[in-house]
Amino acid sequence: MANLIIEVSKYLLTICMVIYTVQSFAVFWKKSESAQEFLYLRQVLMILLIHFIAFMALYLKMAEQQLMFFWASQVLYLLTVQVMVRNLYPEASKLLLNNMCLLIAIGFIMITRLSYDQSIKQFQIIVVSSVLALFVPLIIRKWKFLQKGTWLYAIVGIGLLAAVAVLGQSSYGAKLSISIGPISIQPSEFVKIIFVFCIASMFAKASDFKQVVIATVLAAVHVLILVVSTDLGGALIFFSTYLMMLYAATRKPAYTMAGIAAGCVAAVFAYFLFSHVRVRVEIWRDPFASYEGSGYQIAQSLFAIGAGGWFGTGLFQGSPRMIPIVEQDFMFSAIAEEMGSIFCICLILIYLNCFMLFLNVAMGLRNKFYRIIGLGFGCMLTVQIFLTIGGAMKMIPSTGVTLPLISYGGSSVMSTLLMFFIIQGLYLIKEDEDEEIERARIYEQYQREYGNDSGQKQYGYPPAN
Numbered sequence: 001m002a003n004l005i006i007e008v009s010k011y012l013l014t015i016c017m018v019i020y021t022v023q024s025f026a027v028f029w030k031k032s033e034s035a036q037e038f039l040y041l042r043q044v045l046m047i048l049l050i051h052f053i054a055f056m057a058l059y060l061k062m063a064e065q066q067l068m069f070f071w072a073s074q075v076l077y078l079l080t081v082q083v084m085v086r087n088l089y090p091e092a093s094k095l096l097l098n099n100m101c102l103l104i105a106i107g108f109i110m111i112t113r114l115s116y117d118q119s120i121k122q123f124q125i126i127v128v129s130s131v132l133a134l135f136v137p138l139i140i141r142k143w144k145f146l147q148k149g150t151w152l153y154a155i156v157g158i159g160l161l162a163a164v165a166v167l168g169q170s171s172y173g174a175k176l177s178i179s180i181g182p183i184s185i186q187p188s189e190f191v192k193i194i195f196v197f198c199i200a201s202m203f204a205k206a207s208d209f210k211q212v213v214i215a216t217v218l219a220a221v222h223v224l225i226l227v228v229s230t231d232l233g234g235a236l237i238f239f240s241t242y243l244m245m246l247y248a249a250t251r252k253p254a255y256t257m258a259g260i261a262a263g264c265v266a267a268v269f270a271y272f273l274f275s276h277v278r279v280r281v282e283i284w285r286d287p288f289a290s291y292e293g294s295g296y297q298i299a300q301s302l303f304a305i306g307a308g309g310w311f312g313t314g315l316f317q318g319s320p321r322m323i324p325i326v327e328q329d330f331m332f333s334a335i336a337e338e339m340g341s342i343f344c345i346c347l348i349l350i351y352l353n354c355f356m357l358f359l360n361v362a363m364g365l366r367n368k369f370y371r372i373i374g375l376g377f378g379c380m381l382t383v384q385i386f387l388t389i390g391g392a393m394k395m396i397p398s399t400g401v402t403l404p405l406i407s408y409g410g411s412s413v414m415s416t417l418l419m420f421f422i423i424q425g426l427y428l429i430k431e432d433e434d435e436e437i438e439r440a441r442i443y444e445q446y447q448r449e450y451g452n453d454s455g456q457k458q459y460g461y462p463p464a465n
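Here the sequence shown is numbered in my numbering, starting from 1 and rising by one per residue.
Rather than coming from a laboratory, the hints here were simulated on the basis of the structure.
Glycine is no exception: its CB is placed at the ideal position from the N, C-alpha and C atoms.
Be careful, since some hints might not be right.
To be verified - Just the calculated beta-carbon pair ranges, DEER-fashion:
1) 265 to 34: 19 to 27 Å
2) 162 to 363: 19 to 27 Å
3) 435 to 275: 24 to 32 Å
4) 435 to 162: 42 to 50 Å
5) 276 to 159: 22 to 30 Å
6) 274 to 138: 42 to 50 Å
7) 116 to 257: 43 to 51 Å
8) 289 to 117: 49 to 57 Å
9) 28 to 366: 17 to 25 Å
10) 7 to 268: 45 to 53 Å
Unchecked claim - With a straight-line cut-off of 25 Å between C-alpha atoms, the simulated PhoX-like cross-links for lysine-lysine are:
11) 31 to 205
12) 142 to 368
13) 61 to 252
14) 210 to 252
15) 121 to 61
16) 210 to 148
17) 205 to 148
18) 144 to 205
19) 394 to 148
20) 252 to 205
21) 368 to 210
22) 205 to 142
23) 368 to 144
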């Protein structure tokens with residue numbers, strides 16, 4: 001009976017995921033706010049339904065009473081986040097909030113399926129991170145001096161990366177983390193945010209050739225430290241993000257083409273300088289040639305994706321644990337095996353939807369600093385997703401980066417949550433700018449109609465000189 005319910009659940013999960021995905025794009029065609037709000041509420045219902053169906057299947061296989069309390073705690077968290085954000089920041093993007101909650105819920109499901117102990121740790125980290133992140137939109141909206149900390153951002157970012165390169169612990173050939181007592185922190189995840197703020201603050205001041213050279217040197221230092229630490233995934237994310245921000249600030253394709261050419265040359269040098277890079281490339285070219293050794297991880301990832309089919313094998317009906325480090329580097333493969341290809345396609349579309357929302361707020365902002373930040377984070381999120389999914393599917397060499405908000409990893413999920421809430425802060429700033437434009441329009445209209453300054457006090461404008 002349990003196997004029958006699990007078999008049915010995989011189809012229900014796929015249907016709910018498809019409905020949610022369609023709703024995520026349908027909202028752009030809804031004109032009235034009431035229609036949009038009703039759609040957002042239906043999305044919340046789909047998130048809770050996906051979460052419930054999956055945990056019902058998990059409970060049938062694990063048969064642990066505490067799992068139901070864990071499920072209830074996660075539901076309470078998801079609802080609390082929804083209520084808090086909606087009440088504290090009414091102007092925030094509800095679609096982005098829903099997407100964030102859906103990705104977190106999928107992460108809860110998959111990590112619980114793979115390791116109950118790790119899922120408890122991840123849940124605790126997400127709760128703490130969310131409490132801290134709730135203040136971020138207010139900080140972004142009120143602290144105007146954030147765009148003046150260029151060199152502070154550079155010093156802190158480079159300092160943290162250098163500390164990891166010198167003192168960091170090696171993990172699978174790369175120096176990624178620093179341990180402080182029982183806590184292990186991956187500073188590069190937080191430096192990603194600092195880096196975007198640093199480059200945005202530079203280009204907000206000027207985008208002439210001199211400023212481009214200075215910004216390029218700073219970006220190159222960040223990337224080179226990551227390469228020395230053999231954190232190649234991080235180096236690619238920083239490099240690609242910088243090129244996008246450079247083009248957004250200067251609108252000169254020549255700079256971007258020069259950056260791509262330099263990146264290609266650097267990749268060739270990295271291949272010959274680092275054995276770690278050569279191994280990754282050889283595995284990518286033919287993982288089955290070294291199936292018993294270094295190619296085993298990629299080979300198992302491909303087997304898992306192929307075994308899933310359109311609807312997946314069902315939770316606990318596959319073998320994702322056969323993939324080494326699956327909960328961090330190959331979570332997409334685990335989802336493909338047990339949730340299916342349709343579910344994965346919808347997941348990619350949800351990430352695309354987030355990217356569109358990032359760009360939407362960025363293009364609507366007048367302040368150049370905030371606009372470049374939005375574009376930078378949009379690019380950073382997209383590159384990280386591409387590296388994770390592309391590595392799992394053997395489209396590109398594996399780089400060992402996490403699937404945002406889904407994979408296991410405290411530093412990764414915390415930095416991504418901060419990123420999403422920073423974007424929510426940009427939505428608040430966009431509302432403030434729109435309100436200012438509307439007030440200016442009303443004032444100008446009043447001036448044309450009445451030709452005096454009697455409306456200046458009413459609309460908050462100073463007397464004309």
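To see whether the hints hold, each was checked on the structure:
{"no.": "1", "hint": "265 to 34: 19 to 27 Å", "in the structure": "55 Å, violated"}
{"no.": "2", "hint": "162 to 363: 19 to 27 Å", "in the structure": "35 Å, violated"}
{"no.": "3", "hint": "435 to 275: 24 to 32 Å", "in the structure": "57 Å, violated"}
{"no.": "4", "hint": "435 to 162: 42 to 50 Å", "in the structure": "43 Å, holds"}
{"no.": "5", "hint": "276 to 159: 22 to 30 Å", "in the structure": "24 Å, holds"}
{"no.": "6", "hint": "274 to 138: 42 to 50 Å", "in the structure": "43 Å, holds"}
{"no.": "7", "hint": "116 to 257: 43 to 51 Å", "in the structure": "50 Å, holds"}
{"no.": "8", "hint": "289 to 117: 49 to 57 Å", "in the structure": "35 Å, violated"}
{"no.": "9", "hint": "28 to 366: 17 to 25 Å", "in the structure": "22 Å, holds"}
{"no.": "10", "hint": "7 to 268: 45 to 53 Å", "in the structure": "50 Å, holds"}
{"no.": "11", "hint": "31 to 205", "in the structure": "37 Å, violated"}
{"no.": "12", "hint": "142 to 368", "in the structure": "16 Å, holds"}
{"no.": "13", "hint": "61 to 252", "in the structure": "57 Å, violated"}
{"no.": "14", "hint": "210 to 252", "in the structure": "14 Å, holds"}
{"no.": "15", "hint": "121 to 61", "in the structure": "21 Å, holds"}
{"no.": "16", "hint": "210 to 148", "in the structure": "18 Å, holds"}
{"no.": "17", "hint": "205 to 148", "in the structure": "9 Å, holds"}
{"no.": "18", "hint": "144 to 205", "in the structure": "14 Å, holds"}
{"no.": "19", "hint": "394 to 148", "in the structure": "42 Å, violated"}
{"no.": "20", "hint": "252 to 205", "in the structure": "17 Å, holds"}
{"no.": "21", "hint": "368 to 210", "in the structure": "18 Å, holds"}
{"no.": "22", "hint": "205 to 142", "in the structure": "20 Å, holds"}
{"no.": "23", "hint": "368 to 144", "in the structure": "13 Å, holds"}
Figure legend: structure checked against the earlier numbered hints; hints not met, in rising order: 1, 2, 3, 8, 11, 13 and 19.
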